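S.K.: Take a look at the letters that make up each chain.
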Amino acid sequence: MADNINFKQYWKKQIIETPTPEELIKKANKFKRKIRFRLIVANIVLLISCMGISFVWFYYQPEYLTTKIGIIVIIIAILIYLAFQVTLTSLLFKRNYEVNAKDQLLQLLKLKEKQRFQRTTLLNGYFFLLSLGLGLYMYEYAVRMTLTWAIVTYGIVLFMIALNAFYFRPKTIKKQQAQLNKLIAQLKDLKDQLNH
Amino acid sequence: MTFEEIYKVYWPKVYRQCMGYMNDPDTAKDIAQDTFIKVWQHLPKFRNESSIGTWIFRISVNSCLRQIGKDNKMPKSELPNEIFEEILVNDEPKVEFLYRCISELPEVERIIISLELEELKQKEIAKIVGLSESNVRVRIHRIKEKLTKKFQQHGR
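Protein sequences appear in the order of chains P and R. Throughout the first sequence, residue numbering follows UniProt numbering, covering 1 to 196 in sequence. Throughout the second sequence, residue numbering follows UniProt numbering, covering 1 to 156 in sequence.
No lab work stands behind these hints: they were computed from the structure. Wrong hints could be hidden among the right ones.
[Claimed, not checked] Subject to a maximum C-alpha distance of 30 Å in a straight line, what follows is the list of computed DSS-like cross-link-like pairs (lysine-lysine): (1) P:Lys-188 to R:Lys-123; (2) P:Lys-27 to R:Lys-8; (3) R:Lys-123 to P:Lys-32; (4) P:Lys-13 to R:Lys-123.
[What the hints assert, rightly or not] What the simulated footprint calls covered on chain P by chain R, stretch by stretch (three residues with Cβ under 8 Å from a Cβ of chain R suffice, anywhere in the stretch; the number is not a length): (5) 15-29; (6) 104-117.
Nothing here was measured: the structure is a model prediction, and the numbers come from that model. Just so it is clear, CB atoms sit at the ideal spot from N, CA and C, and this is done for glycine as well.
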């Protein structure tokens, strides 16, 4: 009964749009450049901030230990973030496109679950270190100010940190989590389809 | 085989497979392009461990599956629009109906039936999807039954 209808005959009649291979290669190169450019820009921005902070150390020669610790903490935060970025991108690029669908799904699921875990933990750590570093770094300069100015300066910084910690950070994490959770659920559903 | 030769032979096959999965010409074109970009990049590394067809379909099936997470990350087709300005409508309603029915199946079934209709051997389909050959055979039978029922209900 199932073979009564010749599906193949209809299947083959689909209209095909075929771009020329030259266009495809052009697009491939453009796409590759775009991704590479985006990665480089993101990393350069972070590296420049690292250099800017180090410059303060060498140029102004801070006297307090707190300032130096602050600078180191900020740089460590940025470097950890960068290192994570690099490993994640290499993971994304190294992915094997030629495995079968089942293995590919398992790989993808593993990657996404790892990403979900790391995104929260890493992002929390990054914000914490950055705030801590900034607080320490500012101390030397705040001491030299009049009390009012010191309070105003710390007040503003604390406000920024609080804004980050209680508004932007949860928002970013929540958004990413929602996306990842949805994706992981879909991937699990696909995996189930292959297991039955 | 050079890339151009491969492209000429396999573009229609891959495009149809993607159409079966998405039932949307623009997205199908995007995924097919994505597939061939990978084929182009990895062709120098291709060893004849499997047939070139199996290799290409593995890439295209994986590209389809990865579509889930890419809804907004994938650049929409960046090819100039004027090339495809003429509206391509299939004047064969049964063709359209078949593709619609297939796109309504669960993802894995869409892939299996597309490869079957592309006349791949069940052994190859099993290799591409990662299931046993007997499992693939049973599934193809079931999917065809489903499709037949839909066609009959549709009164054609």
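S.K.: A separate judgement is required for each hint: does it hold in the structure or not?
M.R.: Results for each hint:
1. For the proposed pair Lys-188 (chain P) and Lys-123 (chain R), the alpha carbon gap of about 25 Å is at most 30 Å, so the pair holds.
2. For the hint linking Lys-27 (chain P) to Lys-8 (chain R), the alpha-carbon distance of about 18 Å falls within 30 Å, and the restraint holds.
3. Taking the CA atoms of Lys-123 (chain R) and Lys-32 (chain P), the gap is near 35 Å; set against the 30 Å cutoff, the hint is violated.
4. Note on Lys-13 (chain P) and Lys-123 (chain R): the hinted pairing holds, with a Cα-Cα distance of about 25 Å set against a maximum of 30 Å.
5. Residues of the stretch 15-29 of chain P lying with their CB closer than 8 Å to a CB of chain R number 11, which satisfies the three-residue condition for coverage.
6. For the stretch 104-117 of chain P, the stated coverage by chain R holds: 4 residues have a C-beta nearer than 8 Å to a C-beta of that chain, and at least 3 were required.
Consistency note: the structure conflicts with earlier hint 3 alone.
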